[in-house]
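What follows is the residue order along each chain.
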Amino acid sequence: MSETMTADIADRPGSDPAAENSARSETRRQASSIEMQGLHKRFGHDTVALDGVDLTIRAGEFFTLLGPSGCGKTTLLRILAGLEAPDAGALAVGGRDITEVPPHRRSVNTVFQSYALFPHLSVRDNLAFGLKMRGLPAAERNARVDEIAGFIQLGDLVERRVDQLSGGQRQRIALARALVCEPDVLLLDEPLSALDAGLRGQLQVELLRVQQRLGMTFVFVTHDQDEAMVMSDRIAVLNGGSIQQVGAPREVYERPVNGFVARFMGHDNLFAIRARDGRRLTTALGTLDAEDPGDGALLLIRPETLDLLPGAVEGPNHLPATVAERLYRGSHAEFRLAVGDTTLQAMVSNRGRHLPEVGETVTVTVAPEDLVTLSE
Amino acid sequence: MTDTGVTASSSRSLGRETRHLLWTVTPGALWILLFLVLPSVYLMSVAFMSSGPYGLPQMPLSLDAFERLAGFGFLGWSPGNLYTLLRSLWQTLVSTALVVVIAYPVAYYITTCRAKWRPLLLLAVVVPSWTNQVIRSFGWMNLLAPGTPLSDLAASLGLISPHMGLYPSNFAVTLGLVYNFLPFMVLPLYSAFERLDVAQVEAAQDLYANPLRTFRHAIFPQTLPGLLAGIVLVAIPAFGMYVVSELLGGGKGMMLGNLVASQFAGAANWPLGAAGAILMLLATFLGLFVMRRLGKRLGGGEQVVI
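First to last, the sequence lines map onto chains P and A.
For the first sequence, the working numbering assigns the number 1 to the initial residue and increments by one for each residue that follows.
For the second sequence, the working numbering assigns the number 1 to the initial residue and increments by one for each residue that follows.
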């Protein structure tokens, strides 16, 4: 075990300082892919955390595990870090099986949700911790800490004590502490959830830039679908310990595979299909023509695909409606419309046109290609 | 806390606040003055007096007591008192070390148990100390006396000569000290373990620290305040121990506390007893000072408060 580890470290370009610098500042070394096969994990007798997860994360990808609390996303991340052992299944990073490798021998580093900085150490010692444990000489440790501090723009924070830092600063130190080790994979466990909205947005952008510049494989855990869509190359949506859907943000948002994914991505307009005649679908809204409806039992209508026409207008995919509620948001307005005995959400961007008032009679239209069906 | 409260409001109504302060502080201050400061001052002054008939202090002032404490008597220098001091230090050191070695895993083990069992296990640690020290020491006498199974076992292993008991001996005193002070180490360590930030431990593992280094860098520093508090709670009373060494030590197990007590009672030399008490106090302060420095160096400053 220790032999393979030594070989692994020696193979890294990091062992030659000159090559290392050029490698890191520009393209960096080859990023690693991750393969998970049939991962199972249960806690106690009846809590199933992971129920057979098969997943491949590509090298250099910003990959997000998205789901509500208790869906297994954190357990999966902890298995990647080696902090939790799967009951069954296999895990490989960069083609090497690491299922049985303890955390301190994995070239995987984690940014913890609580940051988990060592309060008895200075910021510099925190940053150098991983390098020190790997046995790098002090001079090289210092050089690399200074380099990462410049890269993350920590400025003079390096010489401070941990208890003198704000939440946002701690977050950046935690990120730098993991990045300085140049792991094959960086794991991020809801790293932004403790920050206020403004700072969070700023750090999202920063994190994205860091990942793009380093080309490192990032696995990011969050329960916030907006954050997931902004950050990710691909998203895996988890529920009840199993993966519901894997795809690019647009795919997951626009073509959710089931009701859970659709609701979790923020969709409200889901209607049970009562009757189906070829491409004609009948729901509580009425009958609509879809271009390529698929064979799901639920009809999804995204609010931003709807158009509102004033007054009653006849036509295909035209639904008579009454405005029940209007929320004016400046750039756009959100409507709750009464259609028959059900309600429909619509979002209309504000191009200076007439925005219907509450109580007004309107006609909702939707293009056949925007209608998607999905399973419950 | 009180400080900031007082300073914050003092600018508003100084007179009233001061009166309130006086009312609340005076009884406690009087108590401390009457029962701590005055007796201490008296004790210290006694140490600098001569010993009169029946050992009572009398004028003139002299340093006789300290000379005798250092071992200079009518028959020249004898190492008896020095041995007693060294024995006290040694017993304190050994018993505190043993208590740490036993309490550390015990405290950790209790924190790993199910939440509903923990109070019960802590109770089991504490319950023995509800019985008087004297009674418990007599209990140990019965267990360690010559002819008891434990003594026979020790004799058959060649640890002691046959027909000798494990009691009275220095070993019995160490055992008694460890037994007596174990709860005072387990409790602060338990509370340190209970507050342990597991994320830090995982961060250390994640950052390539092997189990030993994880303990050294992520677990130990977090339990250090509890450990130092426990050491203070154990070492200071152990150093001044009277009962255990009196009952379990026999003539050869005498500690500083017994020396001081004997000077006020049997041997009757109050100034010498007082000088012994001052020595004990100085040693304790020195110990506390060292602990504080140690805590600052190991624990990174403010988190260690003694």
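Think of the hints as simulated: they come from the structure by calculation, not from any bench.
There may be inaccurate statements among the hints.
Restraint ranges, calculated between C-beta atoms of paired labels, are given here [stated by the list, open to error]:
(1) P/327 / A/123: 53 to 61 Å
(2) P/163 / A/164: 56 to 64 Å
(3) A/210 / P/122: 53 to 61 Å
(4) P/95 / A/210: 22 to 30 Å
(5) A/158 / P/92: 52 to 60 Å
(6) P/42 / A/195: 38 to 46 Å
(7) A/210 / P/194: 24 to 32 Å
(8) A/198 / P/240: 19 to 27 Å
(9) A/290 / P/163: 23 to 31 Å
(10) P/194 / A/25: 51 to 59 Å
(11) P/197 / A/15: 43 to 51 Å
(12) A/195 / P/88: 33 to 41 Å
(13) P/163 / A/26: 36 to 44 Å
A few chain A positions that, by computed beta-carbon distances, are all more than 10 Å from chain P [unchecked claim]:
(14) 20
(15) 53
(16) 106
(17) 159
(18) 207
(19) 208
(20) 267
(21) 291
(22) 294
If you want the footprint, here are the derived chain P segments under chain A, 3+ residues with CB under 8 Å [to be verified]:
(23) 41-49
(24) 346-354
(25) 357-370
By construction, the Cβ of each residue, glycine as well, lies at the ideal position given by its N, Cα and C atoms.
Given as non-interface: residue 291 of chain A, partner chain P, CB spacing beyond 10 Å: holds (17 Å)
Using the Cβ atoms, figure out if residue 198 of chain A sits within 19 to 27 Å of residue 240 of chain P. Cβ of residue 198 of chain A to Cβ of residue 240 of chain P: about 25 Å, so the range 19 to 27 Å holds.
For the hint 43 to 51 Å, verify it against the beta carbon of residue 197 of chain P and that of residue 15 of chain A. At roughly 49 Å between Cβ atoms, residue 15 of chain A and residue 197 of chain P fall inside 43 to 51 Å, so the hint holds.
Verify that the Cβ of residue 106 of chain A lies farther than 10 Å from every Cβ atom of chain P, and report whether the claim holds or is violated. Consistent with the label, residue 106 of chain A stays out of reach of chain P, its closest Cβ about 24 Å off (over 10 Å).
Status of residue 53 of chain A, Cβ more than 10 Å from any chain P Cβ: holds (59 Å)
Assessment of proposed distance window 52 to 60 Å (beta carbons of residue 158 of chain A, residue 92 of chain P): 58 Å Cβ-Cβ, so the 52 to 60 Å window holds.
State, for the Cβ atoms of residue 290 of chain A and residue 163 of chain P, whether the hinted interval 23 to 31 Å holds or is violated. With a Cβ separation near 25 Å, residue 290 of chain A and residue 163 of chain P satisfy 23 to 31 Å, so the hint holds.
With 53 to 61 Å as the target window, see if residue 210 of chain A and residue 122 of chain P comply at their CB atoms. Violated: the Cβ-Cβ distance is about 23 Å, outside 53 to 61 Å.
Taking 56 to 64 Å as the hint, is the beta-carbon distance of residue 163 of chain P and residue 164 of chain A inside that range? holds (57 Å)
Supplied distance hint 36 to 44 Å, evaluated on CB atoms of residue 163 of chain P and residue 26 of chain A: holds (38 Å)
Do three or more residues of the stretch 346-354 of chain P come closer than 8 Å to chain A, measuring C-beta to C-beta? violated (count 0)
No chain P beta carbon within 10 Å of residue 159 of chain A's: holds (42 Å)
Figure legend: structure checked against the earlier numbered hints; hints not met, in rising order: 3, 6, 10, 18, 19, 23, 24, 25.
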